[in-house]
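Quick note, the sequences are listed as chains Y and F, same order. The working numbering applies: residue 1 is where the first sequence begins, and numbers increase by one. The working numbering applies: residue 1 is where the second sequence begins, and numbers increase by one.
No lab work stands behind these hints, which were simulated from the structure alone. Be aware that a few hints might be false.
Only pairs whose alpha carbons sit at most 30 Å apart, straight line, appear in this in silico DSS-like list of lysine-lysine [said to hold, decoys possible]:
hint	chain 1	residue 1	chain 2	residue 2
1	Y	Lys95	Y	Lys122
2	Y	Lys202	Y	Lys132
3	F	Lys51	Y	Lys149
4	F	Lys2	Y	Lys122
5	Y	Lys132	Y	Lys94
6	Y	Lys132	Y	Lys122
7	F	Lys251	Y	Lys149
8	Y	Lys271	Y	Lys28
9	Y	Lys122	Y	Lys28
Derived coverage of chain F by chain Y (criterion: at least 3 residues anywhere in the stretch with Cβ under 8 Å from a Cβ of chain Y; other residues may be distant) [what the hints assert, rightly or not]:
hint	segment
10	2-15
11	191-198
12	247-253
From the structure, some residues in chain Y lie toward chain F, with a derived Cβ separation under 8 Å [claimed, not checked]:
hint	residue
13	Pro109
14	Trp110
15	Pro120
16	Asn123
17	Pro148
18	Tyr151
19	Trp153
20	Tyr171
21	Glu174
22	Gln249
From the three backbone atoms N, C-alpha and C, an ideal C-beta is built for every residue, glycine too.
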Amino acid sequence: MQSNNPTSHAGGRTLPEGEALLSVRNLKKVYRTDAGDIEAVRNLTFDLGRGELVCLVGPSGSGKTTLLKCIAGLLGSTEGEVRLDGEVITGPPKKMAVVFQEYGRSLFPWLRVAENVELPLKNAGVPKAERKVLVEQALEAVGLAHVPKSYPWQLSGGMQQRVAIARAVAYQPEVLLMDEPFAAVDAQTRADLEDLIRSVWKKLGVTVLFVTHDIDESIYLGERVIILSSSPTVVQEDIVIDLPAERDQLETRSLPRFTELRHHVYAEIQKAKQGHRPEEAITMVVK
Amino acid sequence: MKTLKSLGYLLTLPLILLAWWWIATSGAANFFVPTPAKLAETFIDTWMGEKLLTDVLPSVIRLVVGVLAAIVLGIGLGLAVGLNRTMRAVTEPVFEFFRALPPPVLVPVLMLLVGINDGMKIAVIISGCIWPVLLNTIEAVRSIDPVQNETSRSYGISGLSRIRYQVLPSATPTIMAGVRQCLSIGLILMVISEMFASSSGLGFTIVQFQRSFAVPEMWSGIVVLGLIGVALSFIFQWCERRVLRWYHGLKEVENAV
Numbered sequence: 001m002q003s004n005n006p007t008s009h010a011g012g013r014t015l016p017e018g019e020a021l022l023s024v025r026n027l028k029k030v031y032r033t034d035a036g037d038i039e040a041v042r043n044l045t046f047d048l049g050r051g052e053l054v055c056l057v058g059p060s061g062s063g064k065t066t067l068l069k070c071i072a073g074l075l076g077s078t079e080g081e082v083r084l085d086g087e088v089i090t091g092p093p094k095k096m097a098v099v100f101q102e103y104g105r106s107l108f109p110w111l112r113v114a115e116n117v118e119l120p121l122k123n124a125g126v127p128k129a130e131r132k133v134l135v136e137q138a139l140e141a142v143g144l145a146h147v148p149k150s151y152p153w154q155l156s157g158g159m160q161q162r163v164a165i166a167r168a169v170a171y172q173p174e175v176l177l178m179d180e181p182f183a184a185v186d187a188q189t190r191a192d193l194e195d196l197i198r199s200v201w202k203k204l205g206v207t208v209l210f211v212t213h214d215i216d217e218s219i220y221l222g223e224r225v226i227i228l229s230s231s232p233t234v235v236q237e238d239i240v241i242d243l244p245a246e247r248d249q250l251e252t253r254s255l256p257r258f259t260e261l262r263h264h265v266y267a268e269i270q271k272a273k274q275g276h277r278p279e280e281a282i283t284m285v286v287k
Numbered sequence: 001m002k003t004l005k006s007l008g009y010l011l012t013l014p015l016i017l018l019a020w021w022w023i024a025t026s027g028a029a030n031f032f033v034p035t036p037a038k039l040a041e042t043f044i045d046t047w048m049g050e051k052l053l054t055d056v057l058p059s060v061i062r063l064v065v066g067v068l069a070a071i072v073l074g075i076g077l078g079l080a081v082g083l084n085r086t087m088r089a090v091t092e093p094v095f096e097f098f099r100a101l102p103p104p105v106l107v108p109v110l111m112l113l114v115g116i117n118d119g120m121k122i123a124v125i126i127s128g129c130i131w132p133v134l135l136n137t138i139e140a141v142r143s144i145d146p147v148q149n150e151t152s153r154s155y156g157i158s159g160l161s162r163i164r165y166q167v168l169p170s171a172t173p174t175i176m177a178g179v180r181q182c183l184s185i186g187l188i189l190m191v192i193s194e195m196f197a198s199s200s201g202l203g204f205t206i207v208q209f210q211r212s213f214a215v216p217e218m219w220s221g222i223v224v225l226g227l228i229g230v231a232l233s234f235i236f237q238w239c240e241r242r243v244l245r246w247y248h249g250l251k252e253v254e255n256a257v
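Just chain F, same shape as in the assembly (with noise of 0.2 Å):
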C-alpha cells in the first residue's frame, strides 16, 4: 500500500502534463512540436539501435568516468586543503579564479592541450564537476566540530586513521550536497563537450538533428538527456540513503525537538 502510494506521487505530475501535451498537439499539428504518439514511435526508432551503442553508451561512461574522477579528486584535494591553514590561504584565491573560469571556454584550449579523444571530453566534465565538491569538502573539513577533534585527539586517533574515522564520515553530508550538483554540472558539460569537433555521443547526435531540421529526433534526444538525469538522480537519492542514514535519523530528531 504504502509503495503503491509512492508510486502514485511519482507519477502523477509526470502523467498531468503529458496528458497536457496530448490535447495541446492533438488538433493543429505544428511542425516544431511533434505529438507524444510520433515522440514515442521517433523515440524507439532513433535510440533503440545502433545509437544506443554508438552514442549514448560512451556519452553515459564519459560522463561516470568524469564524474567519478571529480568527486575522487575533489574530495582529496579538498581533505588536503581543508585540513591545512597555510593551505588554505595559498590556494583560496587561486581557486577562485578557476572556478569562475566557465568550463566550455576551456573546450577549445583542453582540445589544443589534450587532443580530441575522450580524454579531453573526460577533461571538460572533470574541470567543471570538481567545484562542488572540492569547495564543499574543504568548507567540512574546515568547521569540524572541535570537541570530535578532541575526543579523536584524546584517544590517540590521528593523521590517516583520523581522516577514516572521523574527517570523511562528519564531512559526508556536506560532501554529498556537492555530489549532487556536480551530477547536473556533468551532465551539461558532458552535452557541450561533444558540441564541438565531435563525431558521435550525445551532444553530437543532438546537433546533428537540430542542423538538419529532424525535428522529432531531436526532442528524443533531449528525452534521453532528461532521462539520464533522472537515472543518475535516483542512483544518487539511493546512495545517500544508505551513507547518510545516521545523518536524516538525526536531523529528524533535532527537528523534533
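Chain Y on its own, in the form it takes in the complex (with noise of 0.2 Å):
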C-alpha cells in the first residue's frame, strides 16, 4: 500500500528562491475582536508555481477564505508575508484578480455583463478599442459572448459565476484567485465550471489558486492539493496529484487513482477535524 501514497510533504511545499511566482512565509491571522483575540490561521508556509493550478481544501472553519485574503492583499496578515513575483504584498496587486463566492454580490447590479467584465479594464486605463477585444475574447471563453447585453441578475448563478470568472480573465491576470466559487452553484452547473476552469487555466497558463471545502472538486480540478488543518490553521499535506492532465468529469472519477486519492485527501480532513496537528507530531517526535 505504501506505493499508491501520493507524493506528498508535511507541511507546505517550498521552491527554490526565485522560482514561486507566489509566496506564503509563516503567514499568521489574528482577528483582535472585542471579546478577545482569534486565531485564525496560526502558521502557513507554501509556494506557487508559474502556471500551476493548486487546490486548497480544508475543514470548514479553517480559515480558507481568510488565507485567500491575505493572498489577495485584502487583509493584512499578522505576522509573515506573503510575495508576488518577489514583491511583499500590502494592498491588492494590479497582477491578481479575485473569484468571490457570492457572485450575486460580487457583480455590480446596475451594470450590463459586458460592462461588468469591461469595469476594471475601463478603470486601469485600457484604451477602449482593446477593452472591447479583452471582454469579447472573456466572454467567449466562458461560453457567455450571446449574452452581453443582459444584466446580471437576468441570469442563472450558474452563468453568473461565469461573468464573474470572465471578469477576471479579462484582467489578464497572473495569479486568479477563486474563493470557493462553486459552492452555490447546483451540482450539474458545478461540473460544467470545473472543466471551465480547467480549460480556461489550460488555455491563458494563468496561476490559478482555488479555494474549497470540497475533496473531489479539489483532486479533480488540481495538479496540486494543500490540505489545511483545522483551525488555528497549518498545512496539514502537500500532495500531487497525479491524474492524466486531459480530465472528463465521467472517466477521471472512475479511475482508480482518482479513489486513492479521494481516500487519502478524506483521512486527512478527518484526522484534521479530529485535532491531529502536523507540528505537534513533529515536535513530539524531536522530543
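Both chains are given apart, each in its own frame, so use the hints to dock them into the complex.
In C-alpha cells:
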C-alpha cells in the first residue's frame, strides 16, 4: 500500500528562491475583537510555481477564506508575509484577480454583463478598442458571448459565476484566486464550471489558487492539493495529483487513482477535524 | 391599447371627484366653495396671463434651484460623511439637531442673515430639502455590501473611481427615495418662504387672495400648487425609471423567486 500513497510533503512545499510566483511564508492572522483574539491562521508556508493549478482544501472553519484574503491583499497579516514575484503584498496587486463565492453580490447589478467585465479594464485605463477585444474574448472563453447586454441578475447562478470568471480573465492576471466559487451552484452546473476552469487555465497559462471544501472537486481540478488543518490553521499536507492532464467528469472520476487520492485526502481531513496537527506530531518526535 | 388602459386608470378617480364636486355645488351656492365651472373660469383669468410670468415662473425657478442645490449638496456631503467613520461620529449629533428644526422658523433668521431676496427663499428650501437626501445618502453609503467593496478593492478601483463606479450607483435607490421626499418638502417651503415679507410669488399671491376674500382666486392658486406637485412627481418618476431600471428589474426577479 505504501507505493499508492501520493507524493506528499508534511507542511507546504516550497520552491528554491526566485522560482516561486507566489510565496506564503509563516503567515499568521489573528482577528482582534472586543471579546478577545481569534487565531484564524497560525502558520502557513507554501509556494506556487508559475502556471500551477493548486487547490486548497480544508475542513469548514479552517480559515480558508482568511488565507485567500491575505493573499489577495484584502486583509493584512499579523505575522509573516506573502510575496508575488518577489514583492511583498501590502494591498491588492495589479497582477491578481479574485473570484468570490457570492457572485450575486460581487457583480454590479447596475451594469450589464459586458460592462461588468469591462469595468476593471476601464478603471485601469485600457484603451477602448483593446477593452472591447478583451471583453469579447473573455465572454467567449466562458461561453457567454451571446448575453453581453443582459444584466447579471437576469442570468442563472452558474452563468453569473461565469461572468465573474470572465471579468477576472479579461483583467489578464498572473494569479487567479478563487474562493469557493462553486459552493452556491447546483451539481451539474458545477461540473461544467470545473471543466471551464481547467480549460481557461490551460488556454491562458494563468496560475490558479482554488479554495474549496469539496474533496472531489479539489482532486478533479488540481495538479496539487494543499490540505489545511482545522483552526488555528497550518498546512496539514501538500500532495501532488498525478492524474492525466486531460480530465473528464466521468472517466477521471472513475479512475482507481482518483479513488485512492480521494481516500487519502478524506482521511487527512478527518484527521484534521479530530485535531491532529502535523506541527505537534513533529514536535513530539523531536522530544 | 395598453396606453389607453393606463390613461383610463390615470383619469378615473379625478373624473369621479370632479363629478362629485360638480353635483355637490350645483344646488345651493356656498360663498366659500366655487363650482367647477366658476373655478375653471377664474383659473384661466387669474393665471393664464401676466401672473404666469410674474408669480408662477419665479416661484417654480426658486423651487427647482433650491431642490437641485439640496440634492447636489446632500449627495456630496452624504458621500463625505458616509464614507468616513470619524466624520459620521462627529456629525451625527449635529445633524440630528439641525434636522429637528422646522425650516419655517428659519425664515426670519435667514431674512436677517441673507436679506429679503431670492437667495433667502432658496436657502429656506435648501434648509428643509437637504435632510432626506443627506441622511439617505449617508445610510446608503454606510450599508454598502462588503463583497462589492472587496471586489472594487481587488480590481484596484479606489478613490474617486470607486465613488463613481461603485458607491454612487449602489446608493442610488436609497438616494432616490430621499429625493422623492425632498420634492414635496420643497413645494411646501416654496410657499412658506413667500408668505413673509414678499411681494410676488405663488405663496404671496395665494395669501393676498385669502386676505381680500377673493375665494375662487384663492382656490385656483391652490390648484396651481397641486398641478406643480403632479408635474414634479411625473418628472421624478420618469427620471427614476431611467436611473433605476436595473433596480426595479432586480427587485422583480427577487420577488419572483
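Now for the hints, and whether the structure bears them out:
1. Between lysine 95/Y and lysine 122/Y, the direct Cα distance comes to roughly 16 Å. Compliance with the 30 Å bound is thereby established for this hinted pair.
2. With a CA separation close to 23 Å, the supplied pair lysine 202/Y and lysine 132/Y stays within the 30 Å bound.
3. Using a Cα cut-off of 30 Å, the hinted pair lysine 51/F and lysine 149/Y is violated, with the two alpha carbons roughly 50 Å apart.
4. Only pairs whose Cα atoms come within 30 Å are accepted, and lysine 2/F paired with lysine 122/Y is rejected, the gap being roughly 41 Å.
5. Restraint check for lysine 132/Y and lysine 94/Y: satisfied, since their Cα atoms lie roughly 20 Å apart, inside the 30 Å limit.
6. With a CA separation close to 10 Å, the supplied pair lysine 132/Y and lysine 122/Y stays within the 30 Å bound.
7. Taken as a hint, the lysine 251/F and lysine 149/Y pair is honoured in the structure, with Cα atoms around 19 Å apart against an allowance of 30 Å.
8. About 22 Å separates the Cα atoms of lysine 271/Y and lysine 28/Y, which keeps this hinted pair within 30 Å; it holds.
9. In summary, the hint linking lysine 122/Y to lysine 28/Y is not supported, as the alpha carbons are separated by about 35 Å, beyond the 30 Å threshold.
10. With 0 residues having a beta carbon nearer than 8 Å to a beta carbon of chain Y, the segment 2-15 of chain F misses the requirement of three or more and the stated coverage is violated.
11. With 0 residues having a Cβ less than 8 Å from any Cβ of chain Y, the segment 191-198 of chain F misses the three-residue criterion, and the hint is violated.
12. Chain Y is given as covering the segment 247-253 of chain F, and this holds because 4 residues of the stretch bring a CB closer than 8 Å to a CB of that chain, at least three being needed.
13. With a least beta-carbon distance of about 5 Å to chain F, the hint placing proline 109/Y at the interface is held under the 8 Å criterion.
14. Given hint, tryptophan 110/Y at the interface with chain F, holds; its Cβ is 4 Å from that chain's nearest Cβ, closer than 8 Å.
15. Using the Cβ-Cβ criterion of 8 Å, the hint placing proline 120/Y at the interface with chain F is satisfied: the shortest such distance is roughly 4 Å.
16. Taken as an interface hint, asparagine 123/Y checks out: its beta carbon lies about 5 Å from the nearest beta carbon of chain F, inside 8 Å.
17. Hint status for proline 148/Y: violated, given a least beta-carbon distance of 15 Å to chain F, over 8 Å.
18. Because the beta carbon of tyrosine 151/Y sits about 6 Å from the nearest beta carbon in chain F, less than 8 Å, this interface hint is met.
19. Using the Cβ-Cβ criterion of 8 Å, the hint placing tryptophan 153/Y at the interface with chain F is satisfied: the shortest such distance is roughly 5 Å.
20. The beta carbon of tyrosine 171/Y is positioned within 8 Å of a beta carbon in chain F (closest approach about 7 Å), and the interface hint is therefore held.
21. At its closest, the beta carbon of glutamate 174/Y sits 14 Å from a beta carbon of chain F; the interface hint therefore is violated under the 8 Å criterion.
22. The restraint placing glutamine 249/Y at the interface with chain F is violated, with a minimum CB-CB distance near 29 Å, outside the 8 Å limit.
Of the hints listed earlier, those the structure fails to meet are numbers 3, 4, 9, 10, 11, 17, 21 and 22, in rising order.
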